[in-house]
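**Student:** Modelling step: build the complete structure from the supplied sequences, incorporating the hints.
Just so you know, the sequences run in chain order A and B.
So for the first sequence, the working numbering puts the first residue at 9; every next one is plus one.
So for the second sequence, the working numbering puts the first residue at 258; every next one is plus one.
Hints are computed from structural coordinates only; laboratory data are not their basis.
Ideal Cβ positions, reconstructed from N, Cα and C, are used throughout, including at glycine.
Worth double-checking, as some hints may not be accurate.
As the list claims (entries may be wrong) - So these bits of chain B aren't anywhere near chain A, every CB distance computed over 10 Å:
#, residue
1, Asp333
2, Val353
3, Thr360
4, Lys380
5, Ala387
6, Asn391
7, Ala410
8, Pro429
9, Ser442
10, Glu515
Unchecked claim - Using C-beta positions, here's what the derived DEER-type ranges look like:
#, chain 1, residue 1, chain 2, residue 2, range
11, B, Glu280, A, Arg122, 54 to 60 Å
12, B, Lys471, A, Tyr215, 58 to 64 Å
13, B, Arg325, A, Ile17, 35 to 41 Å
14, B, Asn484, A, Ile125, 25 to 31 Å
15, A, Arg75, B, Pro489, 30 to 36 Å
16, B, Lys479, A, Ile150, 25 to 31 Å
As a plain string of letters, each chain reads:
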Amino acid sequence: MTRPITTKIKAHYDGEDLGASEGLLVAVARLLDPLVEGEALELTTENPSVADDLRIWCRRAGHRLVRAVQENGKSNIIIERGFVRRMLSDPPEWGVRIPRRGDSVDMRDWQVGRSAIIADEAPRGGSLAPRGAPVEEGAPEIEFSIRKRTDIWANSISELYEQATSSQWVGARDIPWRELGPLDEEVERSVCQIMTFLAENEYAALYVPARFIGQIHPHSPKQRCFFRR
Amino acid sequence: MGAVAYDPKVVPIWDGIRGYLKEAGPGMDYVLFSNYEAQVDALISGFIDIAWNTNLAYVRTHRKTHGRCHALAMRDTDVDYCSVIVVRNDAGINSVADLRGKTLALGRRDSGHAAILPLYFLKRQDIDPARDLNLMRFDLDVGKHGDTGASEAAVLNAVASGQAEAGAVGDPFWAKALEERAIDSDKVRLLWTTPTYHHCNFTALDSLEESRYKPWVEALLKMDYNNAEHRPLLDMEGLKRWLPAQTEGYRTLFEAVEEQGIE
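**Tutor:** So this is what it looks like as structure tokens:
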């Protein structure tokens, strides 16, 4: 079962006295990630527990500690990368930017790069990642019943969303509360009844869309935002 | 086959593997047991054909059948398993010899990795548990052979909180704790790792015909961690690939069970 020790050292790291649970494992995992199977990372450390800790961690992570030599209070360790690969659905997309409108950004400009490609039906499973983001395969599936473009798509959704956000009425701010005077009891009762009715409408505007939002696939973010408004 | 229900995730693991094996050809169904002793008895009585056993359950099966059983396959992580002796930094323990006179926290009595084998290997370092150590045992989850990790968590807590100066856990538990940054390295560190040994395996009696288990094992060995459908199952069961069984790594547990008078 013993394979020869690799000499293909492709990365180096000085761990100084950093302990395995103090961030060293994060650094080691990051340095091993871009290597291919069989390539190695050479690491030096002054921390006496690190060689054993790394050997144990390698077993769990699917890598192989092929050498650990201690000399003058320092250890020299070689870790060979294992066969486990990242399984990204697509490579990440870099350099895509949405234009600014003055100091802000606008939903009407969102559709750029891979995110602009809208499938007739959003995929099953695949995490909560937004449209166009590369996801790791094998993630648990989350069921969304609203996945079809024909069920959810509206061309003017960005327009409606921007209108809704810019003209949203806020009772706490928009009512001239100082100017309100006392009312006749009859009118007061009527106003109260109307306010109850309005509150019910506001609640309906919250609860009814909320029941749909949970069903909308993450690849339709604009529709989700619009419902939220 | 039989498996012990030490955690709710046992159901999706074996449901998934059953689905895979059905598609791959040989098929399989599983039965869950609440403890390894019942599973070993069910294997010997012929109620199940194959048992997913801990090392202690394998040794028991072997002893009860006078060796008329064998291991079929195991996880990559079952080979080169070891126990880790952790110590408090302020306990003045710098070598295994310094453990003399100290309190050692151990997991459940029936845990090969968190109790039986650490004591066996310490004895070979000239530490006699009865004479040299004050043992603090965490007897949690009876019959699960330390699978749940509950007693190992208790061991680490006891060392971190100063109830014990040293403790023994299995190396996967220590690796997970390091990865999750659950170890306060100002207080606790690894002192020593035992020689390696084997952990779980699929055990069958010699009376099971080769034609019934061979395709089954071959299909199992083909599971691929770089396959998106297999990965979640393998992750839950804690392996990257299945290996054909190797049994030389059980020798130390056979000796330990004998030495410690474990039934």
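**Student:** Sort out which numbered hints this structure fails and list those numbers smallest first.
**Tutor:** 1, 8, 9, 11, 13
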